[in-house]
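Undergrad: Produce the complete structure using the sequences and hints provided.
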Amino acid sequence: MVLKKIIILVFLGVTFVNANGNLMEGLTNIVDKAEDKKAEDKKVLNYAFKQRMRTQWIARDILLVSMDFDASHYQNEAIKNANAFNENFYKLIESKADIEKAEKLYPNFPKKVNELNITWSKFYESVKKISKDKKDKESVKFIVENNIKLLDDISYIFTHFINSYQSSDKLEASMAHIKSMLYTQVGKPRLYVNRMVKNKLSLEKNIAVKESKKSIQEDIEKMDQLMKALKDGDKELELNGTEDRKILEKLSVSQSLWEEVKVLIQKKKLKKEEWSILIQKNDDFIEAQTEVVKLTLASNDN
Amino acid sequence: MKNKIITTLLLLSYSLIAGEVNITEELKNIVIKENGKELKIERIQDTKHRLTSNFSKTSRECPPFCVQPMTIGKVKTIGEIELLKHIEEMQKEDSNMLLIDTRTRDWNSEGTIPSSINLPFTMLKKESKYLKKILSLLGAKERDGRWNFQNIPTLILFSNGIWDAQATKAIESLVALGCPEDKILYYRGGMQNWNILGLTVK
Numbered sequence: 084m085v086l087k088k089i090i091i092l093v094f095l096g097v098t099f100v101n102a103n104g105n106l107m108e109g110l111t112n113i114v115d116k117a118e119d120k121k122a123e124d125k126k127v128l129n130y131a132f133k134q135r136m137r138t139q140w141i142a143r144d145i146l147l148v149s150m151d152f153d154a155s156h157y158q159n160e161a162i163k164n165a166n167a168f169n170e171n172f173y174k175l176i177e178s179k180a181d182i183e184k185a186e187k188l189y190p191n192f193p194k195k196v197n198e199l200n201i202t203w204s205k206f207y208e209s210v211k212k213i214s215k216d217k218k219d220k221e222s223v224k225f226i227v228e229n230n231i232k233l234l235d236d237i238s239y240i241f242t243h244f245i246n247s248y249q250s251s252d253k254l255e256a257s258m259a260h261i262k263s264m265l266y267t268q269v270g271k272p273r274l275y276v277n278r279m280v281k282n283k284l285s286l287e288k289n290i291a292v293k294e295s296k297k298s299i300q301e302d303i304e305k306m307d308q309l310m311k312a313l314k315d316g317d318k319e320l321e322l323n324g325t326e327d328r329k330i331l332e333k334l335s336v337s338q339s340l341w342e343e344v345k346v347l348i349q350k351k352k353l354k355k356e357e358w359s360i361l362i363q364k365n366d367d368f369i370e371a372q373t374e375v376v377k378l379t380l381a382s383n384d385n
Numbered sequence: 193m194k195n196k197i198i199t200t201l202l203l204l205s206y207s208l209i210a211g212e213v214n215i216t217e218e219l220k221n222i223v224i225k226e227n228g229k230e231l232k233i234e235r236i237q238d239t240k241h242r243l244t245s246n247f248s249k250t251s252r253e254c255p256p257f258c259v260q261p262m263t264i265g266k267v268k269t270i271g272e273i274e275l276l277k278h279i280e281e282m283q284k285e286d287s288n289m290l291l292i293d294t295r296t297r298d299w300n301s302e303g304t305i306p307s308s309i310n311l312p313f314t315m316l317k318k319e320s321k322y323l324k325k326i327l328s329l330l331g332a333k334e335r336d337g338r339w340n341f342q343n344i345p346t347l348i349l350f351s352n353g354i355w356d357a358q359a360t361k362a363i364e365s366l367v368a369l370g371c372p373e374d375k376i377l378y379y380r381g382g383m384q385n386w387n388i389l390g391l392t393v394k
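Each protein sequence line maps, in turn, to chains A and B.
Note that this note's numbering has the first sequence beginning at 84, numbered continuously upward.
Note that this note's numbering has the second sequence beginning at 193, numbered continuously upward.
Take these hints with a grain of salt, some might be off.
As the list claims (entries may be wrong) - Simulated crosslink set (SDA-like; lysine to any residue; CA at most 20 angstroms straight-line):
{"#": "1", "chain 1": "A", "residue 1": "K314", "chain 2": "B", "residue 2": "V259"}
{"#": "2", "chain 1": "A", "residue 1": "K121", "chain 2": "B", "residue 2": "K325"}
{"#": "3", "chain 1": "A", "residue 1": "K262", "chain 2": "B", "residue 2": "K324"}
{"#": "4", "chain 1": "B", "residue 1": "K325", "chain 2": "A", "residue 2": "D115"}
{"#": "5", "chain 1": "A", "residue 1": "K253", "chain 2": "B", "residue 2": "V259"}
{"#": "6", "chain 1": "A", "residue 1": "K120", "chain 2": "B", "residue 2": "K249"}
{"#": "7", "chain 1": "B", "residue 1": "K317", "chain 2": "A", "residue 2": "D119"}
{"#": "8", "chain 1": "A", "residue 1": "K187", "chain 2": "A", "residue 2": "G109"}
{"#": "9", "chain 1": "B", "residue 1": "K249", "chain 2": "B", "residue 2": "V259"}
{"#": "10", "chain 1": "B", "residue 1": "K324", "chain 2": "A", "residue 2": "G109"}
{"#": "11", "chain 1": "A", "residue 1": "K116", "chain 2": "B", "residue 2": "I326"}
{"#": "12", "chain 1": "B", "residue 1": "K229", "chain 2": "A", "residue 2": "L106"}
{"#": "13", "chain 1": "B", "residue 1": "K394", "chain 2": "A", "residue 2": "V114"}
{"#": "14", "chain 1": "A", "residue 1": "K329", "chain 2": "B", "residue 2": "L389"}
{"#": "15", "chain 1": "B", "residue 1": "K321", "chain 2": "A", "residue 2": "I113"}
{"#": "16", "chain 1": "A", "residue 1": "K262", "chain 2": "B", "residue 2": "S245"}
{"#": "17", "chain 1": "B", "residue 1": "K249", "chain 2": "A", "residue 2": "G316"}
Simulated from the structure, these hints should not be mistaken for lab results.
Computed from a predicted model, the values in this text were never measured in an experiment.
TA: Put into structure tokens, the structure is as follows:
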């Protein structure tokens, strides 16, 4: 009799534990599923995010090729970045659901995507041509003249995509805004440095002298403000700064590389070996700042 | 000499007692089962330990990170001692309680209260496409578009603490759906207080 009671009690206990376990497991599965969707959304945003930097990187490398500066290496680099841009761009425009989502808020969005598609197709073709023939002047001209338009177009897509992903919940949207500002700003130094080096190369080749000088000056100021803001915070840029030791360590690496880049960028004329140093420091900076981006994305330092 | 020895012994015994960081005078820790393994919930024993994490911050942008009221409607607010008692009770076979971390996953994945489950506040909103599934799993029954919460466990909700509205929003959503306020408990201190007391985080 006692044994029977014990068996019944044990059975009831196991049933309860299972029921409770099932409840926890069931709820966790639902949340995991929702989070998987969020992670996918984040990936789409990351595709757009890296594209801005690539436009200037490709243009820089094409200018280096046209100057016969380690041409075969930069022919390869340019096509590598163009292929990556192309792959990510098509992932974005083939995602009809994402475009429809953005279109609900911005009716012009599909039109802008089409425009970007046309500009990019010509841009990509030009990079392909230069990767085979470094003397293709027409293609160099097209890239020099259109890289900023490409950057502006991709920035438009990027900004509007982010906005279309904003939650309808005020609290969640507000929390997400703080993060999206940080994520947007932390990647920008890579774009600025690429653009400055590209403009420095344009000056060297006597292309768009006035605009390039102006853009360099503006980018130096933006970089100084942004690098300080990432560390200490800045109300205008909507950044709170960071106290994360690992991020601060990586930021100081980026900062010292930026100081070296700045000195060279501000020099009136660079010797060949100084060009080599500048290009190397530019690449080192991208690598260092990418580490900052990775740590920032993984951190929750609000 | 004798006095010196007595004084030394007294000081030594005092320092041994003083060195322990208990939860209350009577409670040193509680032991729970988490994923089939025993887990001790206690305070960090190092009396020199200081927070260096996010929870050492005094100031955050408000909105969104605004100070929360002590009570939400008629929902009962609880502190750490009550929460620990409930966590202990949840270990019993006949317990009918669920501890819910209402924060979004990015916060939750940085550490949470042992035995809790993550159910972000956004998923409890009326518009959430997961709401039906969640409420059904909890044991609520839908009839003519209205939810009956009679058979759900008591839900203990928390988020980051006194400066975070995620738990508040989750409670408001549940109450708006018809969940009786006495089926909900609000641990207002949340992860902020849990961390400041050095309690075990999973």
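Undergrad: Are the hints correct? Go through all of them and say.
TA: Against the structure, the hints come out as follows:
Proposed proximity of A:K314 and B:V259 is contradicted: the alpha carbons are some 26 angstroms apart, above 20 angstroms. Restraint check for A:K121 and B:K325: the C-alpha separation of about 18 angstroms stays at or below 20 angstroms, so the hint holds. At roughly 30 angstroms between alpha-carbon atoms, A:K262 and B:K324 are farther apart than 20 angstroms, so this suggested pair is violated. Straight-line distance between C-alpha atoms of B:K325 and A:D115 comes to about 13 angstroms, which keeps the hinted pair within the 20 angstroms bound.
Restraint check: the Cα-Cα separation between A:K253 and B:V259 comes to about 16 angstroms, which is no more than 20 angstroms; the hinted pair holds. A threshold of 20 angstroms between alpha carbons decides the hint, and for A:K120 with B:K249 the separation of about 31 angstroms lies outside it, so the pair is violated. Among the hinted pairs, B:K317 with A:D119 is consistent with the structure: their alpha-carbon atoms are about 19 angstroms apart, no more than 20 angstroms. Proximity of A:K187 to A:G109 is assessed by CA-CA distance (about 33 angstroms); at most 20 angstroms being required, the pair is judged violated.
Using a Cα cut-off of 20 angstroms, the hinted pair B:K249 and B:V259 holds, with the two alpha carbons roughly 14 angstroms apart. Restraint check for B:K324 and A:G109: the C-alpha separation of about 13 angstroms stays at or below 20 angstroms, so the hint holds. For the hint pairing A:K116 with B:I326, the CA-to-CA distance comes to about 12 angstroms; that is within 20 angstroms, so the pair holds. Proximity of B:K229 to A:L106 is assessed by CA-CA distance (about 19 angstroms); at most 20 angstroms being required, the pair is judged to hold.
Taking the CA atoms of B:K394 and A:V114, the gap is near 18 angstroms; set against the 20 angstroms cutoff, the hint holds. Simply put, A:K329 and B:L389 have alpha-carbon atoms about 25 angstroms apart, too far for the 20 angstroms limit, and the pair is violated. Restraint check for B:K321 and A:I113: the C-alpha separation of about 11 angstroms stays at or below 20 angstroms, so the hint holds. Restraint check for A:K262 and B:S245: the C-alpha separation of about 18 angstroms stays at or below 20 angstroms, so the hint holds.
Between B:K249 and A:G316, the direct Cα distance comes to roughly 14 angstroms. Compliance with the 20 angstroms bound is thereby established for this hinted pair.
Of the numbered hints stated above, those contradicted by the structure are hints 1, 3, 6, 8 and 14, listed in ascending order.
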